[in-house]
Every structure is written in C-alpha cells, then in structure tokens.
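J.: Listed below are the residues making up each chain.
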Amino acid sequence: MRKLTALVLCGVLCISTLVGCSKKANNEKAENKTTNTTETTTTTTEETEALPEGVLSEEKATLKIYAQYADEDTKVPYDYAVEQLKVAYPNVTLELEPQAQDDGQKLMTYAATGNLPDIYQVALAQIENFKQSGNIMVLNDVAKSTGFEDKVFDSAKNILYNEDGNIYAFPYAGNEYVVWYYNKAIFEKYNVEVPKTFDQLLTAIETFKANGIVPMSMFGAEGWITAAMYDVLATRWDAGGIAKLDNGEGTAKEDAYAKAADMLHTLVKAGMFQGSVTTTNYDQASEMFLNGEAAMFLNGQWYMTDATNKLGDDVDWMYYPSYDEASYEAGKTVWSGGGAAAGYAVNPNSKNAELAAKVAAFLSEKYCEAKVMYRGTPLVALDVDVQPETEFPAMMKKLQADLPAITSITKFDWHLSNATFKTALEDQTKYLMIEDYTPEEFIKELNNALQQ
Amino acid sequence: MKKFYSNKIAIVLFALPALALFTVMVFYPIVQVFLKSFYDWNGLGSGTFIGLDNYTTLFKDTVFHLSNKNALIFAIVITVFQMTLATIFSIVVSNKKMKGRGFLRVSYFIPVVLSVTVVCQLWLAILNTDTGLLNAIFKALGIDFQQNWLANRHKAIYVIAFVNAWQWMGYQFALLMAGIKSIPSDYYEAAKIDGASSIMAHRKVTIPLLKETYKICLTISLTGGVKAFTEMFIMTKGGPGNATYTLTYLMYKAAFREFRYGYGMAAASMLVLQCLAIILIINWLFRDKEERSERKCNKRMARQLSQ
Amino acid sequence: MQQKNGKTVKSIANRLGTLIFRMFCWIYAAFSLYPVIWLLFYSFKNNSEIFVTNPFGFPRVLHIENYTKAWAQYDVPMYFSNSIIVSVFTVIITIVLALLFSYATARMQWKGKNIAKVYMSLGMFIPIQAILIPVAKLVNGLGLDSTRWGLILVYAAINLSFASLVFYGNLKGIPIEIEEAACMDGASIFKCFIKIIVPLVKPATATLVIYTFLNAWNEFNLANVLIIEEKLKTLPLGLLFLQGSFTTDWGAMGATMVIASLPTILLYCIFSKQVENAMTIGGAVKG
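Protein chains in written order, with our numbering: chain Y, 1 to 452; chain L, 1001 to 1307; chain X, 2001 to 2287.
For the record, the hints were derived by calculation from the structure and aren't laboratory data.
Be aware that one or more of the hints could be misleading.
[To be verified] Derived pair list, reagent style DSS-like, types lysine-lysine, alpha-carbon separation capped at 27 Å:
{"hint": "1", "chain 1": "X", "residue 1": "Lys2111", "chain 2": "L", "residue 2": "Lys1211"}
{"hint": "2", "chain 1": "L", "residue 1": "Lys1211", "chain 2": "X", "residue 2": "Lys2069"}
{"hint": "3", "chain 1": "Y", "residue 1": "Lys64", "chain 2": "Y", "residue 2": "Lys144"}
{"hint": "4", "chain 1": "L", "residue 1": "Lys1096", "chain 2": "X", "residue 2": "Lys2111"}
[Stated by the list, open to error] Far from chain X, some chain Y residues (derived; all Cβ distances over 10 Å):
{"hint": "5", "residue": "Glu97"}
{"hint": "6", "residue": "Lys106"}
{"hint": "7", "residue": "Gly165"}
{"hint": "8", "residue": "Asp199"}
{"hint": "9", "residue": "Glu254"}
{"hint": "10", "residue": "Ala401"}
{"hint": "11", "residue": "Asn448"}
[Said to hold, decoys possible] Computed beta-carbon distance windows for the label pairs:
{"hint": "12", "chain 1": "X", "residue 1": "Cys2269", "chain 2": "L", "residue 2": "Ile1281", "range": "44 to 50 Å"}
{"hint": "13", "chain 1": "X", "residue 1": "Lys2113", "chain 2": "L", "residue 2": "Val1080", "range": "28 to 34 Å"}
{"hint": "14", "chain 1": "Y", "residue 1": "Lys253", "chain 2": "X", "residue 2": "Arg2060", "range": "49 to 55 Å"}
{"hint": "15", "chain 1": "L", "residue 1": "Arg1101", "chain 2": "X", "residue 2": "Thr2068", "range": "39 to 45 Å"}
{"hint": "16", "chain 1": "Y", "residue 1": "Gln452", "chain 2": "L", "residue 2": "Arg1287", "range": "43 to 49 Å"}
{"hint": "17", "chain 1": "X", "residue 1": "Thr2068", "chain 2": "Y", "residue 2": "Gln452", "range": "46 to 52 Å"}
{"hint": "18", "chain 1": "L", "residue 1": "Ala1136", "chain 2": "Y", "residue 2": "Asp313", "range": "33 to 39 Å"}
{"hint": "19", "chain 1": "Y", "residue 1": "Met318", "chain 2": "L", "residue 2": "Lys1155", "range": "32 to 38 Å"}
{"hint": "20", "chain 1": "L", "residue 1": "Ser1046", "chain 2": "X", "residue 2": "Leu2142", "range": "17 to 23 Å"}
{"hint": "21", "chain 1": "Y", "residue 1": "Glu391", "chain 2": "X", "residue 2": "Arg2060", "range": "31 to 37 Å"}
{"hint": "22", "chain 1": "X", "residue 1": "Cys2269", "chain 2": "L", "residue 2": "Leu1276", "range": "35 to 41 Å"}
{"hint": "23", "chain 1": "Y", "residue 1": "Ala330", "chain 2": "L", "residue 2": "Gln1147", "range": "38 to 44 Å"}
All values derive from a computational prediction rather than experimental measurement.
All C-beta atoms, glycine included, are put in the ideal place defined by N, C-alpha and C.
Based on the sequences and whatever the hints tell you, model everything.
T.: In structure tokens:
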C-alpha cells in the first residue's frame, strides 16, 4: 500500500513538473510573439488612414485588465463591453483578472512591485495614494481626444474630475442614491402608515416587532451601509451629511451629528434591525427583505431591478423620515448618496499606455450602455444613446421624476477621500448597531479620527 | 558520542539549507517591517523617516490597548480549551480498549482539515441571533440564555476565541497522539509492573515524556492567540465596532484601509516582539524542569528495567 | 460491611462517570464531523435557503447547478492541479529542511544552536498581511514572479518555523539511549540519521505533512498577491469569481469548497493510518 502511494506521488510530481515547465516555455514564446507584433503593427496603423466602419483602431495588443467580475451587475457590463471591443478594436485582446474583495491588497502589491495591469478599476481613496507615487495615468488628453469628456452628463461632471482638476479614471457609474425600500404588502397587512417622522417610525417598529416582522434588515457586516444609515439621519439636520465631514468643512461635535447618532441609537434600542445585524452579510439581509421577513431595507438604487423581479408591485421606496413633518417635506430633495471620480484607470508605465487609455475610455462608455440596456439603471456617467431592453422598474421612474428637484447629495462611503475618517466611520457606525454603545463614545471616536 | 554529534560538516549540511531559505524569504521581509515602522509611509514610494513617532502614537492609541487585552483573552481561552481537551482525547484514543477509537481519531481532526472560511460560516450560522442553532437549543431546553453572541462588545471576543479553539484543537490532539505513539511501549509495561493504574501511568509516564510536545502546544496557542486575525476578519470584521480588534487586525486596518502603512508596520513589530517575549518565557519556564524531569525519568526507567 | 457498601457506591459512581465521559467523547466527535455534512447540504442550496429559510437542514431543492456554475466560472482542473503541485512541493521542501535543521539543533553540539532555534521560530510570529508587500517585492526581485517557485519557496519558508518546532520537540522526546545503542557501532551520522531518526519521527512527519499540505492548500492571501499569471492560479483564488463587491453566490462557493475539501479529507485519511501504524515501527526499531 505504502509503495503504491509513493509511486503515485512520484508520478504526480514528475508529470506536474513537466507540465509546469512546458507551460512556462509556451508562455514565453507567446509573449515574445505578441510583443513583436505590437511593435510592427503600431507603425503600420499610423500609415493606414481609412478604417473599416465601426473600427476605431487596428492596433494589436494584449492588455491586462483588473476588474470586478463576479455578479450580474459586473459580469453583464463587462461581457457586453468585451463584445463591443471586438468590433472597435479587433486586434486588442483583454486578459481579465477578476478583482479580489481584499480591501485593495492586491492592487497595492501590484503597484509596489511594478506589476500593475494595463487597465484597472480603482476607488477614490486609492487614487489619492497612487497619484503620489506615479502609478496612475493622467487621462485629460485621452478624455478629450476620444470625446469621453463631452459625453459626460452635466449633472455628473463632479465624478469626472479629481480634486486637483485632473482626470485619473473614466467613471461609468453616475450619481447614485441611498434608497429606503419598504414592502407595501407588509405595511398594508399590519395597517402601518409610511412613516414621515421618527415618532411614526418608532410606532411602526413597535407594530412590526409585535407581529414577528423585522422592521428593517441591514447588512451590518459591511461598514458602508451602516455609514449610509447614519448619513441618511444626519442629512435630516444638516444637508452636508458625512460628505461635509470628509471635506473637512465641519466637525463631528456639531449638533447635527450628535442628534443623528442619538437617533440611530434610539432606533437600535427600539429594535429596528435584526438581532445579528453586525454580522449579517449583504445576501442574508437582502434575502430577509425579499422573503417578506423584513418590512424595510436600505440599499442603493441599483437594487431596484432585483427587488422588483422578486417582489413585483409590493416593493416601493419612501422619502427618509425626519424629526418633524416640516423637515420631512423639506428634506425630500436632500439625499444620501453621490458619485466620485473613480472607475477605470490606466497604468502609466504600461507598454501600451496610450492604447490602454483609449480602451479604458471605450470600456467605461460601454459599461454605461450595458447598465442602461440590461441593468435597468439610467444613472450612469455618460449620455449614451441606447434604449433599455426592458422598461425601467416603476420605482426607478418615480426616482427619475424626482431627480431634477434634488438639491443636495452627499457621498457613498467608498467615495470618501479621507481614509482614516472613512475607516473610523465604518467601524463606529457598525458599533452603534449594538445597544450598549453610546452616541457619546461614537462622536468622540469620530472626532479623534477627523483630527488625525 | 560527543564527537559523533559535533561533526562540523554534518552540522553545516543539516542546518544551513533551512536557515538560508528562511533568512531570504521570511527574515528579510521581517527586517523590512521593522525598518518601515520608523517611516511615515503609505505603502508606495519611499516615505519619510519619522523616528519613533509611529510607536508613540501606537502607545497612545486606545485600540492598541484593546487589541492587547483581546489577544490576552484569546490566547488564554484557546490555550486552556485546546490543551485540556487535546490531552483527554489523545489519552482516550490511544487506549486500545476504547471502542471505535479509529473513528474518534479521524473525527477530532476533521475541523482542522476544513478551511477557516467554512468553519467561520458554519459558526456564523449557528450563532445567529434569530435563526441560529444555539439560541434554538436554549429555547427548546427552556433555558433563558439566548443572546446576540457576536454582537456583545465584551463577550464577542470569547465567542470568537472559542471558534478558533474548537477548530484547531484537533491539531494539538494529533501532535499529542504522535508524541504518545513515539513512547516505547515497554515504558508503560514498566510502569504497570510498578503497580500503577492507567491514569497514574499516564500521569507518571505520558505527560512528563510529552513535556516538549506540551511546550509546542503552548507556543502554538499563545502566539496563535496574540496574532489572531482570520476569524475576526471573516466573522465580525473586528466588530462590533472595534471590540474584537487584535494587533494583526489593527495592522491590517492601518496598512490597507487607511494607507498608514508605516503605522501598521509598527503594530506588526510590536506583535513580533510580544511573540518573541512569549517564546523566550516559555523556553525559560520549561528549561529547568525539562532537564530535571528527563534525568529523573531516565533514572527511574533504568532502575525499573534493571530490577 | 460499611466499607464494602462504600466500595460499590464508588464503583457505580465510577462507571457512571466513565459512561458520561464516553458520551461526551462521542458527542464531541459527532459535532466535529457535523461541518462536513453541513457543508455538503450548503453546497446544494441557494442564498435564500442558506440564510433565511433553511440554514441547517437537508436542502429542499437540490441546486445541482451550484456545481456546474462553480465549474463553469474558472478552469477547475487547472486550478486544482496547480494547487496540488504547489502543496506537494511545499510539503517536500518543508519536511526535509525542517527535519535536518531540527536534528542539528536538538542533537548536535554547536555554539548558537539555541539562538538558531529561536531565530527560526520568528516565522510563526509575523502576520502574513504584514510581510505581503516586502515578500512580493522580493519574489519579484528574484525573478520568480511568473513561476510557481516564488509561491512554493515562500510557503516552505513560512512553514519551516512550525515544522522545526514540532520536529525539535519530537526529537527531544525520543530517549537518546535508543539512538546511542544503534549508532555506537561506528556508523556515520548520515547513515544513522536515515536509518534511525527518520523512521522514529514518522508519526510527527505524518502530522506535519497533513498540516503543511493544508496550509499550502487553503492559503489565500499570499497566493492572491504573488500569482500574477492565470495559468498558475491555485484553488482558493477560484472563489474570487463568485464574490462580488455586494452579492456573493454562496451556494456555488459551497460547491467550490466541497471540491477543495474532498482531497484534503482523503489525504488525511491516508496519512492518519500512517500515524496509527507508527506504533509498530517504533517497536521494531527498539527490538
């Protein structure tokens, strides 16, 4: 028996080493081939002037791309963009590496070792870090030459330019919103009015709890949604919300932030969220809402399609409740959410940096198209001339009707530029989700982070 | 014999390959960690030298003190849990009269074989306040002990430590089993001739002879507790809030979420120093006793065998 | 008479104690096995069953598509064989180097062996996340970044600390007389090492093989940053295809984890037999 195992092991070893070696050799060959051909083709493309219709460039290259590719919301746009790329850039091949949910560890290591892919998706905080070390390309010229800049909605110009006025990434998501969803059927069943004030909200919570319904399910394992919940409350007193703190225009000691923390604490104590809120993940909380176990749910507007698919007409969204009816009415135009200058960025040290930049702009544009056509969201960065394949959900139409009147938006957690504040906000708002954490501690810690 | 053991060529051939690989792949990066802890650095570029600033900030950081407290709790919980159960189970399973011992032996080790992700997801499900198995059991038994297991700022760390202890107990069990198997069986026979009961035989023979194995187990538990990370990362993300932060978590937060890489490296350096202190203390505690007990044991054996 | 009564009460109490104790052993064992069953069920459920309607029971509908989905996401056989190659080489290098090193520190006489021992244990103290970037730079600098060897050597180096510690303890636990008796007849130290020591540490080797293999097999963080070529990716990286920034396909994750766990459970069953057999080997050497 032992001999047999030993033999098998030896066999596996020999084969695997052989395979490993030959694969490597092939790799090298292939790489040599592509680099040779890129050199030759770049010279030829400059000579050819007339390109076939729909073709933007005949340059030949294999580009490495690091992008999110895991769920419908990321796969559909990517696959669509790749299909379109085959027409516009017939000789460009993309080599996809799916992004890890690892707080940017991999991207950071890539940057540190000089292995950054040609094109990569990047968040705002990383841009700040990368631009100091020359790991991100300034895309101003490409944005002009490809016409990307002109296609950006006027209302979304804020998400194209970095604080320093440069373009570092081609955005595809537009300004987005934190939406307070509720299940109409449950509200009707228990005769609960859609709450306008916090007092009404507390009454509703009581009714739901008495009937074994979780008032609101929340994926408190993720800091961004608890931060969004806090932001929703804070904007009732100060339209600046967490964005104001992030921009350094206010301190956590201001009245609005203390009141919001108090309110959140009160809601938590009243039992607004499920018991395991701090360890509940996105899918878990979402399933609770979709299965009718929770009456309300907080999420971005991108959730409208999924919610409508499962709950049909039973799901709707409400304006955020406030401390009194007057502020409720006034607050209808003040939203939590926003956008940021983030999206597809380019590695300036790439051999094909220029081409990669053009491709990145192209991909972002195609993402916008795919999101409108297949994902039921018109809230994209670019004005793209496509029609949605299926009608937008009713909730989206309702939101669209409100958009022009919106006077103020804040930021999503991942759009905050002060990384220390962002981290503290995530941790501290999660902490507020448990009953025995006091609003005073919360404000103190938040303030500490802001002072660093 | 002494000459035999001081063969210079043999020493070099035996010790050097491991030392060389270790120095290049692990020690050199550790040196980098210490060096960078003196810099204000975001992980890219070169950063600026700031002397001990990171350390002074660290010592003032409330989360640092909380992390140390958590590490201590974590280390104690897993040490007590694992060493007690591993000892009991390894003695039970090595008893040839125990029925089904092969099955038990495999079972105790199974949690180690599974990845941490699986085990953490399982415990998240079991510990869930509303749908979890544990609260359901308490409810069914009519015991009023249902609670938010992972959402309690003071108790969550114990619960996570328990999950870690539960998963890795099997490893200490296997180590002790291997140790017991290496003890020549005539040692026990000698003890039995002496008229010792089986529990006595274990206390007199097994446990003293396994001193070195216990030392290893203690080292694993304590250092494992001090640098605990994965369970927090998957189950509570250091939460609720920062209630289950450990030094590794603090390091991770600083380096990758806040881009304060230098500060994170200061936390990592403290971690290494703490672990080093622990291992030196363990070595010191065990040194005397170990040699004494070895001598004693050998003498006794020699006496018994000669009789 | 009284004494006799006392004795029977005592023996009944003893028996009851033994019974309770045995029950505890068995219940604990059952609960150790439960995760495997739970994972199997899990891998056939959808998100709704996993989280809300049926977290613990048998799946109501068998979602076999979890497996086909996991299979379609990435090249499972390739990732799988990469994992095997990396893990096997890690095990071989770790075990050989660690055993040699611990023999040198546990038995041989040289200055600085205690320092060398503590030095080697440093690897157990450092969190992987702290050395992620320095290690990646190093592997890059050595030109190993597009080969498997980068990952294998780093894994081996990290596991050396623990393996050396275990071997050292094991060697110290072996009475020196056994070795002396066998080695005094003029055999060289190398011959003595192979003939006497290697068989004696078999039980420890078996546990270390399992442990090191598992470490390499399940490792995610280093693999995530060190492997830059699709062709070299290991199994834990396959999970990336299923984890979105918001939603995750947990059923397919379960299926992937079943695919990843089966070989390790198998390996354990093979090697745990070796541990069991080691008893007779130890005896044979003695005789």
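J.: Holds or violated: is the Cβ of Y/Glu254 farther than 10 Å from all Cβ atoms of chain X?
T.: Its Cβ never comes within 10 Å of chain X, the nearest being 31 Å, so this holds.
J.: Would you check the hint for Y/Lys64 and Y/Lys144, treating anything up to 27 Å between C-alpha atoms as holding?
T.: 24 Å, holds
J.: Please test the hint of 31 to 37 Å on the beta carbon pair from Y/Glu391 and X/Arg2060.
T.: 33 Å, holds
J.: Say whether it holds or is violated: Y/Glu97 keeps its Cβ farther than 10 Å from all Cβ of chain X.
T.: At about 7 Å from chain X, Y/Glu97 fails to clear the 10 Å cut-off, so the statement is violated.
J.: Quick one, are X/Lys2111 and L/Lys1211 close enough, alpha carbons at most 27 Å?
T.: 24 Å, holds
J.: Between L/Arg1101 and X/Thr2068, does the C-beta distance stay in 39 to 45 Å?
T.: About 40 Å separates the Cβ atoms of L/Arg1101 and X/Thr2068, which means 39 to 45 Å holds.
J.: Could one say that the CB atoms of X/Cys2269 and L/Leu1276 fall in the range 35 to 41 Å?
T.: Holds: the Cβ-Cβ distance is about 38 Å, inside 35 to 41 Å.
J.: When you check the alpha-carbon spacing of L/Lys1211 and X/Lys2069, does it fall within 27 Å?
T.: 50 Å, violated
J.: Quick one, are L/Lys1096 and X/Lys2111 close enough, alpha carbons at most 27 Å?
T.: 44 Å, violated
J.: Could you see if the CB distance from X/Cys2269 to L/Ile1281 stays within 44 to 50 Å?
T.: For X/Cys2269 and L/Ile1281 the Cβ distance comes to about 38 Å; the hint is violated.
J.: Against the range 43 to 49 Å, how does the distance between the Cβ atoms of Y/Gln452 and L/Arg1287 compare: consistent or not?
T.: Between Y/Gln452 and L/Arg1287, where Cβ atoms are some 45 Å apart, the hint holds.
J.: Could you tell me whether the CB distance from Y/Lys253 to X/Arg2060 stays inside 49 to 55 Å?
T.: 53 Å, holds
In terms of the numbered hints stated before, the structure departs from hints 2, 4, 5, 6, 12, listed from lowest to highest.
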